[in-house]
Amino acid sequence: MEAIIEVKNLTKKFGDFVAVQDVSFSVEEGGIFAFLGPNGAGKSTTIKMITTLLRPTSGTIIINGHDPAINPDFVRTSFGIVFQDPSLDDDLTALENLHLHGILYGVPKDMLKRRIDEMLTLVELTDRRHDFVRDFSGGMKRRLEIARGLLHHPKIIFLDEPTLGLDPQTRNHLWSYVQKLNADEGITVFFTTHYMEEAERVAKKIAIIDHGVIIAQGSNDELKKQTSTTTLEEAFLKLTGSDIRHEAGNALELSRAHQRMWQGTNRR
Amino acid sequence: MHMNAVYVMWLREMKRFIRSRSRIVGALGQPLLFLIAFGYGFGPVFAKAGQGNYLEFIAPGIIGMSIIFTAIFNGMQVIWDRQFGFLKETMVAPVSRLSIMFGRTLGGATVASIEGMLVLIIAVIVGFRPSSWAGIVPAILVMLLIALLFSALGIMAASRLKDMQGFQIIMNFLVIPLFFLSGALFPLNTVPSALLFVARLDPLSYGVDALRYFLIGVATFPIALDIGVLVGITALFLAVGSYFFSRMEV
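In the order they appear, the protein sequences are chains A and B.
For the first sequence, position 206 (counting from the first letter as 1) is numbered 206 according to the numbering used here, and the numbering increases by one without interruption.
For the second sequence, position 26 (counting from the first letter as 1) is numbered 1026 according to the numbering used here, and the numbering increases by one without interruption.
Worth flagging that the hints you see were computed from the coordinates, not collected in a lab.
Heads up, some of the hints might be wrong.
Said to hold, decoys possible - No farther apart than 20 Å at their CA atoms in a straight line, the calculated lysine to any residue pairs in the SDA-like style are these:
no.	chain 1	residue 1	chain 2	residue 2
1	B	1015	A	131
2	B	1015	A	155
3	A	109	B	1172
4	A	180	A	224
5	B	1015	A	129
6	B	1015	A	202
7	B	1015	A	77
8	A	113	B	1004
9	B	1015	A	91
10	A	180	A	14
11	A	155	A	202
12	B	1162	A	195
13	A	109	B	1248
14	A	155	B	1195
15	A	13	B	1248
16	A	109	B	1094
17	A	109	B	1249
18	A	113	B	1011
19	A	13	B	1007
20	B	1162	A	84
21	A	141	B	1248
22	B	1015	B	1117
23	B	1015	A	130
24	A	109	B	1032
25	A	141	B	1007
26	B	1048	B	1032
27	A	109	B	1004
28	B	1162	A	85
29	A	13	B	1094
30	A	113	A	163
31	B	1162	A	128
32	B	1162	A	86
33	B	1015	A	95
34	A	13	B	1250
35	A	113	B	1084
36	B	1015	A	15
37	B	1162	A	14
38	B	1015	A	166
39	B	1015	A	128
40	B	1015	A	134
Predicted model, so just to flag it, every value in this text is computed and none were measured.
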C-alpha cells in the first residue's frame, strides 16, 4: 500500500522551546493510525503542522502526494478534521454549520443536500438539524463535528482526542462508525487518544511520542512484544514513564508560557 | 479569490447579526443618547458661537461613530472565533484565506452600514433634516466605505492579538481616540492647528467630512480628497489585514 501521509524529520520550535523534534512516520492509505503520547508530548502540534495550521520549523510533510507548505489548498481538500476542542459556530444551526462547510469545501450544490442528509443520518442528528449548536450536549457537538469532517468525502480523517468527555455508549458508537467508514470507503484514519484500550482495539499501527520525539512505533502486538508487556497501557507506561505531565493549553499558550519564563515578563 | 467562500462568510455575519436583536438595539442606544444630549445640550452654545444648528452638525458624526464602533467590533469577532474554535474550521478550509478575510470584512461592513442607516433614521426622528434628500444615496455609499475601512482594521488588529485582554486596549487606545479626534463632535476649521494636524491623520475625519458634505452640504476638506483617502486607506487595510490574517496560526 502507498503511504498517504509521509512525515520526515519534522521539527517545530516555539522560541527556544522544541515542541516536536525530528519526527518521522508514515501512514499507509486505508490504514488506521493511532498517535499516542502523554499531555504536552507534541501530538496536537504535529497534527496542526500536518493540517496546514502551523508552519514547521524544518522537515517535510507529504499528504496525498502534496506538501502542505507548497500546496495547502489541495492538501486541505484531502482531509477532514475533528479538533480536540470544539470548532463549530454555536450561533448557527447544525444544518447551517454543515452547509457552510460544504460551500467552503466546494461540494457541488445538488450533491451537498444529499450528502448533508446522509451525514446527519449517520450521526443520528437528523431531527435536531434546525437546532442551534449552542443547545447541543458535548456528545452531540462531537458527532456533528464528525459529520462535518466527513461531509466533503475526504481521503483522510484526523481525529484529535475525539472521545474526550464522551460516555462509553457514544464512544463505542463513534469507533464503530469510524471502523465502518474505514472498511467501506477506505478512509485513512489518523487519531489521538488517551484511552489505550481504544487504540488497542481500533488502530492497525501506533506511534508513541514523548517530549516531542517518537519513542516507539509499530503494531499493537509489536509494541507489547518490544516492551514485554501484555497490554498497550502497560507498554505505554513502560515507554513514557509514570511521571505526571504538565501541559499548557495549546501551542500558543505554550510559547507564551515559555516567553514568560525566559523573559520574566508578566503581561497578564 | 473563491466567491462562494466570500459569500458564505458574508452570509454567516448577516445571520448572526439578524439573530442578535439585543445587540442591534443596544448599539442604537448610545447614538441616540449622543444625539439628544449633545445635539440639544450643546445646541444653544453652538448657535451662539455662530456655527449654526449643532444637531445637524453632529448627526453625520454620530453616524460615523456607530459605524466605526460596529465595524471594529465585528472585525474583532475573529478573537471570539479563535477562542471558541470556529476560526480553525475556516483556517483548514481549502479556500484562500484572502477570501475568508474578505467575506468577513464585507459581512462586518454590511452590518456596520446598516447600523449607520438606522442611526440616520433615528437622527431624522429626533429632528435632523438633511439639506437634500438626494444626498442620501452617496452618503450611504460613504457609510459602506467607512465600514469597510474599519472592518478591515478590526480584523487586522484581531489577527495580531491572542486574547480578549487585547480587545480593551484596542477600544481604549485606538477606537475611542479615532472617534474623538475625527471632528465628529466639533468643526475642524476652527480648532488649533495641532489638533487639526492630528485629525488629518485620522481616516474617520475624512469619512465624517464626506458624510457632512452629502448630508448637510458642509465640508472641511475637498470631497475628492475625502473619497480618495477613504478608498486608499481601505485598500491598504484590506491588503495588510489579509496578509496578517493569512499568517495567523491557531
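Now the hints, each set against the structure:
1. B/1015 to A/131: holds, 14 Å
2. B/1015 to A/155: Distance of about 32 Å is beyond 20 Å: violated.
3. A/109 to B/1172: violated, 45 Å
4. A/180 to A/224: Violated. Residue 180 of chain A to residue 224 of chain A sits at ~26 Å, over the 20 Å cutoff.
5. B/1015 to A/129: At roughly 16 Å apart (the allowed maximum being 20 Å), residue 129 of chain A and residue 1015 of chain B satisfy the hint.
6. B/1015 to A/202: violated, 40 Å
7. B/1015 to A/77: Violated - the C-alpha atoms of residue 77 of chain A and residue 1015 of chain B are around 26 Å apart, more than 20 Å.
8. A/113 to B/1004: holds, 16 Å
9. B/1015 to A/91: holds, 9 Å
10. A/180 to A/14: violated, 39 Å
11. A/155 to A/202: holds, 18 Å
12. B/1162 to A/195: Answer violated: residue 1162 of chain B to residue 195 of chain A is near 31 Å, above 20 Å.
13. A/109 to B/1248: violated, 30 Å
14. A/155 to B/1195: Given pair residue 155 of chain A, residue 1195 of chain B is violated - Cα atoms ~61 Å apart, limit 20 Å.
15. A/13 to B/1248: Holds, because 16 Å separates the two Cα atoms, which is no more than 20 Å.
16. A/109 to B/1094: Judged against 20 Å, a Cα distance of about 17 Å means the pair holds.
17. A/109 to B/1249: Since the Cα atoms of residue 109 of chain A and residue 1249 of chain B sit roughly 31 Å apart, the hinted pair is violated (cutoff 20 Å).
18. A/113 to B/1011: holds, 18 Å
19. A/13 to B/1007: Roughly 37 Å between the alpha carbons, so the hint for residue 13 of chain A and residue 1007 of chain B is violated.
20. B/1162 to A/84: holds, 19 Å
21. A/141 to B/1248: violated, 26 Å
22. B/1015 to B/1117: holds, 18 Å
23. B/1015 to A/130: Since the Cα atoms of residue 1015 of chain B and residue 130 of chain A sit roughly 14 Å apart, the hinted pair holds (cutoff 20 Å).
24. A/109 to B/1032: With Cα atoms ~44 Å apart, residue 109 of chain A and residue 1032 of chain B exceed 20 Å; violated.
25. A/141 to B/1007: Answer violated: residue 141 of chain A to residue 1007 of chain B is near 25 Å, above 20 Å.
26. B/1048 to B/1032: violated, 24 Å
27. A/109 to B/1004: Holds: residue 109 of chain A and residue 1004 of chain B sit about 11 Å apart, inside 20 Å.
28. B/1162 to A/85: holds, 17 Å
29. A/13 to B/1094: Violated: residue 13 of chain A and residue 1094 of chain B sit about 26 Å apart, past 20 Å.
30. A/113 to A/163: violated, 28 Å
31. B/1162 to A/128: Roughly 34 Å separates the two Cα atoms, so the pair is violated.
32. B/1162 to A/86: Between residue 1162 of chain B and residue 86 of chain A the Cα gap is close to 18 Å, so the pair holds against 20 Å.
33. B/1015 to A/95: With a Cα-Cα distance of about 13 Å, the restraint between residue 1015 of chain B and residue 95 of chain A holds, given a limit of 20 Å.
34. A/13 to B/1250: It holds: about 15 Å lies between the C-alpha atoms, which stays within 20 Å.
35. A/113 to B/1084: The given pair, whose Cα atoms are some 27 Å apart, is violated under the 20 Å limit.
36. B/1015 to A/15: Violated, at roughly 40 Å.
37. B/1162 to A/14: It holds: about 15 Å lies between the C-alpha atoms, which stays within 20 Å.
38. B/1015 to A/166: Violated, at roughly 31 Å.
39. B/1015 to A/128: With a Cα-Cα distance of about 19 Å, the restraint between residue 1015 of chain B and residue 128 of chain A holds, given a limit of 20 Å.
40. B/1015 to A/134: holds, 15 Å
Hint check: violations occur at hints 2, 3, 4, 6, 7, 10, 12, 13, 14, 17, 19, 21, 24, 25, 26, 29, 30, 31, 35, 36 and 38; the rest are consistent with the structure.
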